[in-house]
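Asker: One-letter residues, chain by chain:
Protein chains: 2
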Amino acid sequence: MTENSIGLVETKYITFAEAPQQLLLECGQGLGPITLAYETYGELNDSKSNAILIVHALTGDAHAAGFHEGDNKPGWWDNLIGPYKAFDINKYFIICSNVLGGCQGSTGPASINPITKKPYALEFPLITIGDMVNAQKYLIDSLGIDKLLCVAGGSMGGMQVLQWVASYPERIKSAIPIATSLKHSPQQIAFGEVGRQAVMADPVWNKGDYYETGQPERGLAVARMMGHITYMSDQSMEEKFSRKLKDQNYSFSFKSDFEVEGYLRYRGDEFVKRFDANSYLYLTKAIDYFDLSGGKLIPSGQTIDTKFLVIAFKSDWLYPTYQSQDIVRQLKMRHIDTTYCEIKSTYGHDAFLLEVEEETHLIKHFLNKRVYEEN
Amino acid sequence: MTENSIGLVETKYITFAEAPQQLLLECGQGLGPITLAYETYGELNDSKSNAILIVHALTGDAHAAGFHEGDNKPGWWDNLIGPYKAFDINKYFIICSNVLGGCQGSTGPASINPITKKPYALEFPLITIGDMVNAQKYLIDSLGIDKLLCVAGGSMGGMQVLQWVASYPERIKSAIPIATSLKHSPQQIAFGEVGRQAVMADPVWNKGDYYETGQPERGLAVARMMGHITYMSDQSMEEKFSRKLKDQNYSFSFKSDFEVEGYLRYRGDEFVKRFDANSYLYLTKAIDYFDLSGGKLIPSGQTIDTKFLVIAFKSDWLYPTYQSQDIVRQLKMRHIDTTYCEIKSTYGHDAFLLEVEEETHLIKHFLNKRVYEEN
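Protein sequences appear in the order of chains Z and L. The numbering of the first sequence is our numbering, which starts it at 3 and goes up by one. The numbering of the second sequence is our numbering, which starts it at 3 and goes up by one.
Hints may contain errors.
To be verified - Straight-line alpha carbon distances no greater than 27 Å define the calculated DSSO-like cross-link-like pairs of lysine-lysine that follow: (1) L:119 - L:14; (2) L:316 - Z:316; (3) L:242 - Z:246; (4) Z:298 - L:246; (5) Z:248 - L:242; (6) L:298 - Z:298; (7) L:209 - Z:257; (8) L:257 - Z:298; (9) L:242 - Z:257; (10) Z:346 - L:366; (11) Z:209 - L:298; (12) L:257 - Z:209; (13) L:209 - Z:275; (14) Z:209 - L:209; (15) Z:242 - L:316; (16) Z:298 - Z:209; (17) L:248 - Z:346; (18) L:275 - L:257; (19) Z:248 - L:298; (20) Z:120 - L:257.
Just so you know, these hints were derived from the structure itself, not from any lab.
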C-alpha cells in the first residue's frame, strides 16, 4: 500500500436502458441494456454537492484508485486520488466510470447481444464520445447527483470532460480537461486508422468474430506498440532507452537488439491480455469522430458558468499544446472562467499520468480555492 | 516530359564479388555475387573529376531522374537532376545507385541464393549502411572514378553520405547529407521495430519464406501506412486533409470515413506492389544499426578535406533538426568546412523530396562556387 492509499476498493456495476427504454445513440440506433462498471471513493455529502466524476483514457478503466483484492498495483490515477491528494476523498465523493464500448465490465462489442445471445462483435453499433457521456449521465442520475462539482480526465478522458460540458453544461460546476483536444487532427486520425488496420489485417480478427477462437493478438500488439511510441516523447525515450542493447553486440538478426524494441514488444504482449481488439477499434473510432470545434463546445447564445482548468504538457506531441490552447481560446471567447497551464514535462502524452506533483498542485488549488469554497 | 528533363534513361547493372572474392560484410559473413542497379546521367569528363553519387532513401531506387520507356512519372529526384538543375548534367556526371539489400534490381533477400538456387529470404545476411557503401565502392571503382566530386542524399541516403565520408574520406570532395542523422534515436528505432513487427505479424510472411506464395501485403501495408505518418508533418496533414470526409456523413462503420484514411490505405496498397517485404525488414534494420556518433564519423587523428553542406527541415519530426545540428557540431569540432541550412518547410520529412526551389538554390551554389570552381 502506498501512503494515503484508499486501500481496498471494489468495482460496482449499474445496468439501465433495458428495452424498450433503450439509449438512442448518435448513429441512430438504440442500445440496451447497458451496463457500466464504476468505482466510488469517499462519501457523498447530504446535499450531494461534493461529487467529482473521473473519466478515463482510451484503454483505461473504472479502477482509478486504491487496490483490488490481491493486486500489487493500485488504480491508474491512484497518486491523484486519495486522502489529502489532488482529488481528496476526505472532501470529495469521487466516481470513476468505465466507458460505453469498453471491455472492462461495461457494455461493448465483447458483451452478449441479448437478441442473438452471442457477443455483439461488429453488430455492436459505432459509439461516440457523446454516447459515452449519455451513458454516464444515467449513472450520475442514479446516484441522485444533480450537479457535479467537477469532471476531470486526460486524453480521451479530456474529450469526455468537454462533451459533458457541451451536452449538460448545467450539470457541471467545473471541468478539468487534460492533454486533450476539441477534435482529432488528421495526424491523430491517421494513427487511429493505422492501429485499426493493424488489428483488421490480422486474419485471426476474422471480421470481428473471434470470441470463440481467441483474439487477434499479433495485430492488436502491433497497434499498441505504435500507440506507445506516440505516448512517449523523443526525449523521454532517449532518457529511458537511448541506444542501449539487450546484449553486448548486435544480433545481426530480427531479434530485438535494442532495449526499446524489447520494451515495445513487452508492452504489446501485456496489452493483448487485458484489452479486447474490437473495443480498441470502437474506441479509436469514437475519438476520431469527436469534434467540438467551431463553437460546438458551447453553442452560441448559450451561457454557462462552468469553471475550467485546462492542462497541457510541452513534450506531448500526440495532443500538442496548441490543441489545448484552442480549447482555451474557445472558452475565453465566450467569457468563461478559464485557467490554462502548460507543464514543462519531458514525458510526452503519458505526462498526464506521471506529472503527479505539478498536477496535484494545480488541481488541489483549483478545486479548493476556485470551486469548493464557493460552493 | 517536364522542362529540362533528361528524357529517356535506362537502368544499368553491375555484378561483382563473385566467389571466392566475396564482399565481407560487417556481420562477418561473405556475400557474392552482388548486383547493383544504377543509372547515370550526363558525361564523365576526361579527368573523371565531375562525378556525383546520388544515394537514395529507404524505399528509393536507382531511377533518380528522367523517364523509363512508357513511364508517366520521372525518377524520384528528377526536379533536382537535369540540365540547369541543382545537379546540372551539363556539368556533372551523375550516378545513382540502388542499395545492397534492396529489391529494385540489386542483390537482396528476394535474389536467388547461388547455393540453394532459391531466393535467399532470411538466409540473406543482415547488412549495414557500411556494407551498402562498400558495395557502391565497387561500382565507383569500376567506373574508374578516383574521387567523387560529391555524394548527396536524404534520409537513409544521408546516412550513406556520412558513411562514405567515414569509410573513404579521401574519395569524397564534398558531401550533402540531407534530413538525416549520425544515428537512429530510440524513437526512430521504435518506429522501425513496429514496422517490422507489422510485417512479421502477418502469417503470410511465413518467416520470410513467401516468394512462391505471394508477399505479406496486409502487414507490409500497415508498416507503410505508419511510415507515411512519420514522413509528413502535423501541419502538412492539416493542410492536405484536415478532417475532410470522403462522403458527406460519418459511415458509423470501419470503412475509411476521412480522406486521410483513404490516402493512407491507398499508399499502403501501392507500396506492396513495388516493394519486397523482406527488403523492408533488412533496410529498416540497417538504419537502426547505423551509428556514427561520438567521433566515429571522423576518427580522431584523421584530417579530411571534404566540404559539407548539411540541410535539415524545421517541420521534420522523424529526423529532427537537432540531429543535423549534431552532424554539424561533429564536423565543426574537427574544423571541417561545413555549411548548415535549416529550411522553413511545413512538409515534414518528405521536404527533402519536395522543397525543390530552396534545395536547388543551396546545392547549386555549394557545388558551383565551393566545389566545382576550385576543382
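Asker: None of the hints should be skipped; say for each whether it holds.
Answerer: Results for each hint:
no. : hint          : verdict
1   : L:119 - L:14  : holds (24 Å)
2   : L:316 - Z:316 : holds (17 Å)
3   : L:242 - Z:246 : violated (38 Å)
4   : Z:298 - L:246 : holds (17 Å)
5   : Z:248 - L:242 : violated (41 Å)
6   : L:298 - Z:298 : violated (55 Å)
7   : L:209 - Z:257 : holds (12 Å)
8   : L:257 - Z:298 : holds (25 Å)
9   : L:242 - Z:257 : violated (38 Å)
10  : Z:346 - L:366 : violated (42 Å)
11  : Z:209 - L:298 : violated (50 Å)
12  : L:257 - Z:209 : holds (12 Å)
13  : L:209 - Z:275 : holds (24 Å)
14  : Z:209 - L:209 : holds (24 Å)
15  : Z:242 - L:316 : holds (25 Å)
16  : Z:298 - Z:209 : violated (34 Å)
17  : L:248 - Z:346 : violated (38 Å)
18  : L:275 - L:257 : holds (22 Å)
19  : Z:248 - L:298 : holds (22 Å)
20  : Z:120 - L:257 : holds (24 Å)
The structure fails to meet hints 3, 5, 6, 9, 10, 11, 16 and 17 from the earlier list, while all remaining hints are met.
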